[in-house]
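Enquirer: Residue numbers (my numbering), protein chains in the order written: chain A, 1 to 415; chain B, 416 to 677.
Hints are not guaranteed to be accurate.
Claimed, not checked - Label-pair restraints from in silico Cβ distances:
1. B/LEU544 to A/ARG148: 35 to 43 Å
2. B/GLU676 to A/ALA292: 52 to 60 Å
3. A/GLN247 to B/TYR671: 29 to 37 Å
Stated by the list, open to error - Not the full set, but computed from the structure, chain B residues with beta-carbon under 7 Å of chain A:
4. ARG440
5. LYS447
6. PHE519
7. PRO520
8. LEU674
Please keep in mind that the hints were generated in silico from the structure rather than gathered at the bench. Bear in mind the structure is a predicted one, so any value in this text is a computation, not a measurement. We put the CB at the ideal spot given by N, CA and C, even for glycine.
Next come the chains, spelled out residue by residue.
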Amino acid sequence: MSGSVEVRDLGKRFARYDGPRASSIREAMRRGFRAAKVSDHFWAVRDVSFQVKPGEMLGIIGHNGSGKSTMLRIVGGVMRADTGSVVTTGSISGLLELNAGMHQELSGRDNVLIGGVIAGLTRRQIAARMDEIIAFAELEDFIDSPVRTYSAGMRLRLGFSVAIHTDPGVLLIDEVLSVGDLAFQAKCLDRIRRHRDEGSAIILITHDLSQVEKLCTDALWLRKGEVVAHGPPDVLSGEYRAAMAQQTRERTYSEMPDEISTGGIVLRAHENRFGSLEKRIDAVSLRDRSEAIVDAIETGAPLSIEVCFTEGGISAPIVSVTIATAEEIKCLDVNTEADEAILNDTGKKGVVRLELDRVDLAAGRYFVSVGIFPAGWEYAYDYHWHAYPLNITGSTEDVGKLSPPRRWTTNALEE
Amino acid sequence: MGGISPDLKMRLNHWKDVVLLLVSRDFRGRYKHTKVGILWSLASPIMFLLIFYFLFQRVINLDIPRYASYAFTGIIVWNWTQQALIASVTSISANQGLVAQPGFPVAALPVISVLSALLNLAIAFPLLLALSWIDGGTPTFVLIALPVVIIAQFLFILSVAYIIAALNVGLRDVEQILPIILQLGYYVTPIFFSLQNVPPDFHVMFRFNPMTWVISSYRDIVMYGIWPNWTALGIITAGSCLFLVFGVRIFSRARYRFLEEL
């Protein structure tokens with residue numbers, strides 16, 4: 001279905017109250033039933049304009065609190081703007097809160113009907129695509145069992161499948177594309193692409209810049225409710241990454257004394273160490289299969305990387321680990337956010353451990369870099385670049401860095 | 416109905432499906448996996464009937480003829496109001512996911528709560544008819560007035576439901592106070608006693624209570640086989656409609672405010 005969105009000079013103002021608002025009689029009485037004093041207003045969204053035409057997909061990027069979700073709610077018609085205008089054509093669907101309104105005791109099939117009407121379909125429309133929805137969620141064998149018996153992943157697949165089987169003129173997506181396993185995610189992305197190609201106007205909010213680059217035709221960067229930049233996705237995500245690096249450089253504490261990493265390398269500010277040091281990496285240890293601390297392993301051996309960090313920082317941090325050659329050819333680049341490893345940290349001291357089952361690298365000298373970042377990647381708390389040497393032994397040294405177990409076989413082909 | 420645009424027709428259709436499916440969700444979800452299912456909804460009214468019967472026929476005689484059907488009418492009619500209001504007071508505040516869903520008709524939520532509770536009344540109604548028959552009443556054609564009374568009560572409950580759901584957004588105490596007020600309501604409505612048992616000085620208090628008139632209308636129709644008091648029902652219906660217009664307005668405003676306060 002075809003749809004479009006046109007947003008012009010949009011503004012949304014929220015009131016900031018002196019102290020918490022009266023939400024109970026006791027508080028209201030204490031204040032003598034006067035309205036809480038509005039001390040200040042702030043603009044959650046200000047002067048934002050953009051257009052999404054049929055078949056286009058706009059990615060909105062920005063840190064937490066940049067007004068992305070408010071923006072989406074106004075376009076979705078569940079919140080009203082204070083200034084400017086929003087004009088949409090076509091029906092509006094959202095991939096926002098999956099599974100809202102579903103009932104645990106009822107079967108998956110009943111819940112498809114419930115989720116369907118909530119997503120804006122009529123009973124008849126849902127009945128017509130029931131089989132398709134069930135197949136997409138890969139729940140054929142469980143669909144008549146109560147949802148209470150489903151795993152969390154099954155529930156998300158069900159919710160997603162219902163929400164994606166609408167005919168949206170306008171489709172609003174808020175950070176839900178990381179549900180399920182990778183195969184399911186790929187299927188969802190395909191489905192979203194199909195909606196786009198069939199003429200839906202799509203708005204996607206995400207932290208994941210690569211999704212914006214892969215899917216979107218246009219990108220918008222918000223900071224504190226205002227547009228920082230608006231343009232092609234690859235250009236914008238490049239600028240966004242650069243700004244993050246810039247932030248980290250600005251926040252890097254220059255007077256920090258040199259330290260010696262647990263890998264024996266001197267850490268110098270702005271040279272191989274960056275970050276605000278609100279939270280510091282205390283120690284990093286590389287361990288082999290017998291838990292001994294090592295700086296060398298054999299090709300194909302397991303390796304664990306343990307990162308100890310200090311208390312501090314504001315929110316659940318993200319830990320990243322890379323393994324690269326001295327020429328900065330990255331062989332491994334992983335982080336807890338992309339792998340959906342949730343760190344239950346509220347600013348405490350802790351240890352994160354990454355276990356690699358096999359390190360199939362060719363023999364040679366490598367370096368491990370470790371970083372710790374606030375959720376949202378605005379800058380780094382602490383980043384140790386090439387601070388932990390890792391020697392791989394036992395195979396031939398080569399230009400190709402991958403050295404998996406391998407064999408050659410040959411068969412004569414008879415003509 | 417050529418005058419209705421396809422878009423409006425579609426929206427009405429969707430509204431209808433939302434209400435039907437969510438009422439059925441509430442209802443089936445409640446008694447699924449129980450042995451006797453919906454019969455459980457009869458357990459509490461029957462228990463109250465037995466208690467009242469024992470207390471006010473055997474311990475203290477209130478001198479109300481055909482007491483069993485008299486009290487049972489009061490209990491099940493009051494229960495509809497009580498269950499509906501308790502369920503709808505959190506229509507907005509407990510449904511963040513639905514309130515934030517583009518295109519979801521949030522105003523349908525109180526309607527759903529009121530209709531779900533009506534189903535309990537519907538289940539108990541055959542029992543009431545049977546009880547009334549045992550007590551010596553005979554069903555008469557006056558029963559055709561029943562839908563009118565149900566509609567009047569429906570509008571009354573709904574108008575209150577919108578207002579309390581809206582108030583509960585800004586002031587969460589409403590959902591705490593409501594059960595207390597309803598408990599009080601049980602005693603200022605002639606549910607298990609009759610106005611004849613009350614000193615005349617206090618009658619005015621009961622006359623301003625719409626539920627007094629609603630319950631006596633049911634009794635007129637089911638037990639006494641006479642037409643209900645049309646004037647009273649007319650006033651309740653008209654008043655409820657006025658309140659409904661006001662209630663829906665503050666409800667939809669509260670719905671927008673709810674997301675901003677998070």
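Enquirer: Compare the structure with each hint and give your call.
Expert: The hints, checked one at a time:
The beta-carbon spacing between B/LEU544 and A/ARG148, approximately 37 Å, falls within the hinted interval of 35 to 43 Å. For B/GLU676 and A/ALA292, the hinted distance range of 52 to 60 Å is satisfied, since their beta carbons lie about 55 Å from each other. Between A/GLN247 and B/TYR671 the CB atoms are about 35 Å apart, so this pair conforms to the stated range of 29 to 37 Å. Because the closest C-beta pair between B/ARG440 and chain A is about 5 Å apart, less than 7 Å, the hint holds.
The beta carbon of B/LYS447 comes within 5 Å of a beta carbon in chain A, closer than 7 Å, and the hint placing it at the interface holds. Taken as an interface hint, B/PHE519 checks out: its beta carbon lies about 6 Å from the nearest beta carbon of chain A, inside 7 Å. Nearest Cβ of chain A to the Cβ of B/PRO520: about 10 Å, over the 7 Å cut. The hint is violated. With a cut of 7 Å, the hint placing B/LEU674 at the interface with chain A holds, because the nearest CB-to-CB distance is about 5 Å.
This entry does not satisfy hint 7, going by the numbered hints stated previously; all others are met.
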